[in-house]
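Chains as they are written, first to last, in the working numbering: chain A, 13 to 194; chain B, 347 to 550.
Hints were generated in silico from the structure; no laboratory data involved. Don't take each hint at face value.
To spell it out: a stretch of chain A is covered by chain B in this simulated footprint if at least three of its residues, at any positions, have a beta carbon under 8 Å from a beta carbon of chain B; those stretches are [said to hold, decoys possible]:
id, segment
1, 49–56
2, 84–93
3, 117–125
4, 144–158
All values reported here derive from a predicted model rather than from experimental measurement. The beta carbon of each residue, even a glycine, is placed where N, CA and C say it ideally should be.
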Amino acid sequence: MRAFCKLAFAALLIGFAAPALAQGTGNASITVEQPYARATPNGAKTGAVYMTIDNKSATADRLTGASSDVADKVQVHEMKVDNGIMQMREITDGLPVPANGSVALKPGSYHVMLIGLKKPLTAGETFPLKLTFAKAGTISVTVPVQAMGSNNMGAGNMGGMGNMGGMSNGSSGGSMGKMEMK
Amino acid sequence: MRGRQWLLMAFAGLFGFSAVALCVVYAVGFRGPGHGVAAVAPIGGPFTLTDDTGATVTEKTLAGKPYTMYFGYTFCPDVCPTTLFDLSRWIQKLGPDADKLNYVFVTVDPERDTVKSMHAYLSSFDKHIRGYTGTPAQIAQIAKEYRVYYKKIPTDDGSYTMDHSAIIYLMGPDDNFVTVIPYQEDDASAIAKLKSLAALTPTS
Numbered sequence: 013m014r015a016f017c018k019l020a021f022a023a024l025l026i027g028f029a030a031p032a033l034a035q036g037t038g039n040a041s042i043t044v045e046q047p048y049a050r051a052t053p054n055g056a057k058t059g060a061v062y063m064t065i066d067n068k069s070a071t072a073d074r075l076t077g078a079s080s081d082v083a084d085k086v087q088v089h090e091m092k093v094d095n096g097i098m099q100m101r102e103i104t105d106g107l108p109v110p111a112n113g114s115v116a117l118k119p120g121s122y123h124v125m126l127i128g129l130k131k132p133l134t135a136g137e138t139f140p141l142k143l144t145f146a147k148a149g150t151i152s153v154t155v156p157v158q159a160m161g162s163n164n165m166g167a168g169n170m171g172g173m174g175n176m177g178g179m180s181n182g183s184s185g186g187s188m189g190k191m192e193m194k
Numbered sequence: 347m348r349g350r351q352w353l354l355m356a357f358a359g360l361f362g363f364s365a366v367a368l369c370v371v372y373a374v375g376f377r378g379p380g381h382g383v384a385a386v387a388p389i390g391g392p393f394t395l396t397d398d399t400g401a402t403v404t405e406k407t408l409a410g411k412p413y414t415m416y417f418g419y420t421f422c423p424d425v426c427p428t429t430l431f432d433l434s435r436w437i438q439k440l441g442p443d444a445d446k447l448n449y450v451f452v453t454v455d456p457e458r459d460t461v462k463s464m465h466a467y468l469s470s471f472d473k474h475i476r477g478y479t480g481t482p483a484q485i486a487q488i489a490k491e492y493r494v495y496y497k498k499i500p501t502d503d504g505s506y507t508m509d510h511s512a513i514i515y516l517m518g519p520d521d522n523f524v525t526v527i528p529y530q531e532d533d534a535s536a537i538a539k540l541k542s543l544a545a546l547t548p549t550s
């Protein structure tokens, strides 16, 4: 019964998430999958957008910039925690998207940073984001805002459902992670 | 034979681990409860700051209760809100033990993080967590006491981000360093550490 419920729940999530899975617009080579942002704390001036960028063409591309109505500035950043120290840098020469490959923007790694948020990002809302690529041009995506701490496990990532407890980023897991670990 | 080899390896491993653990404990200046011995480069010390309600706070404000201390800034898009969110979830899991600890978020960006903005920011997290800010000199002082690294990194647009230590310090009731919760610690381990810390609360 438990297994059945898990399966049913996963199926339900996939159903919800399906529309958000791929949002490429007009350009066949680059697609943006599962974009999402986390809700921001009260008064926060910055936010981060995560996604997977897929490149189906045989030539490499670069994400060179982004813009959105919700923030004064949008930049592509690399974040890492090295030896317990958080470091964040703007990627000024573009984030490489390998030919026939993909690049993941995720918590603790690359993100599209929203600077000067005009209002807090609230869970359940969506906002538009334009991504500019060196070769593929501009791609518009709609970014859903998820709960704070979410790592987008709801978005059809069925493979992750079964072994949630063993995931290396379990600590930053949101409500989904908690449900699975009980 | 295989069994014996395994046992030998296990012992060697255990010894190695213990040795390393001892070195780490020594290096960070662990002071066991009741030991009046001066620590090797202790973590923690006197400070004067302003909390997010505008009140002046010092190390004495925290005396008598164990506490957690995390250094970050509100313009931080990823690690800081995630850490404060995780801490909030852990606090909620502590149940009645939650009140045995103080929880402090100290900004490393005093120029932008005012009393007011710290207060607004923390309203999104567990109400136990207090925010401390101060003058750049006061922040430099506490960062030195807690051996926290932070550095302003200018960006092309004339603004800046902050590099900073992303670990939660767990401190005992006598301001003695106990341990840390590193970035992305798993829930079970972090909660166990906080519960052990709560158990250090003096019973009076």
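Exercise. According to a criterion of three or more residues whose C-beta lies within less than 8 Å of a C-beta of chain B, is the segment 84–93 of chain A covered?
Worked result: Holds: 5 residues of the segment 84–93 of chain A have a Cβ under 8 Å from chain B.
For this session: Verify the coverage statement for the segment 144–158 of chain A against chain B, using a C-beta to C-beta distance below 8 Å and requiring 3 or more qualifying residues.
Result: Not satisfied, violated; 0 residues make the cut.
Problem set entry | Outcome, coverage hint (the segment 49–56 of chain A, chain B; C-beta under 8 Å; three residues) | Since three or more residues must qualify, the claim that chain B covers the segment 49–56 of chain A holds, with 6 doing so at under 8 Å.
Exercise. Okay, the segment 117–125 of chain A and chain B, do three or more residues pass the C-beta test at under 8 Å?
Worked result: holds (count 4)
When held up to the earlier numbered hints, the structure conflicts with hint 4 and nothing else.
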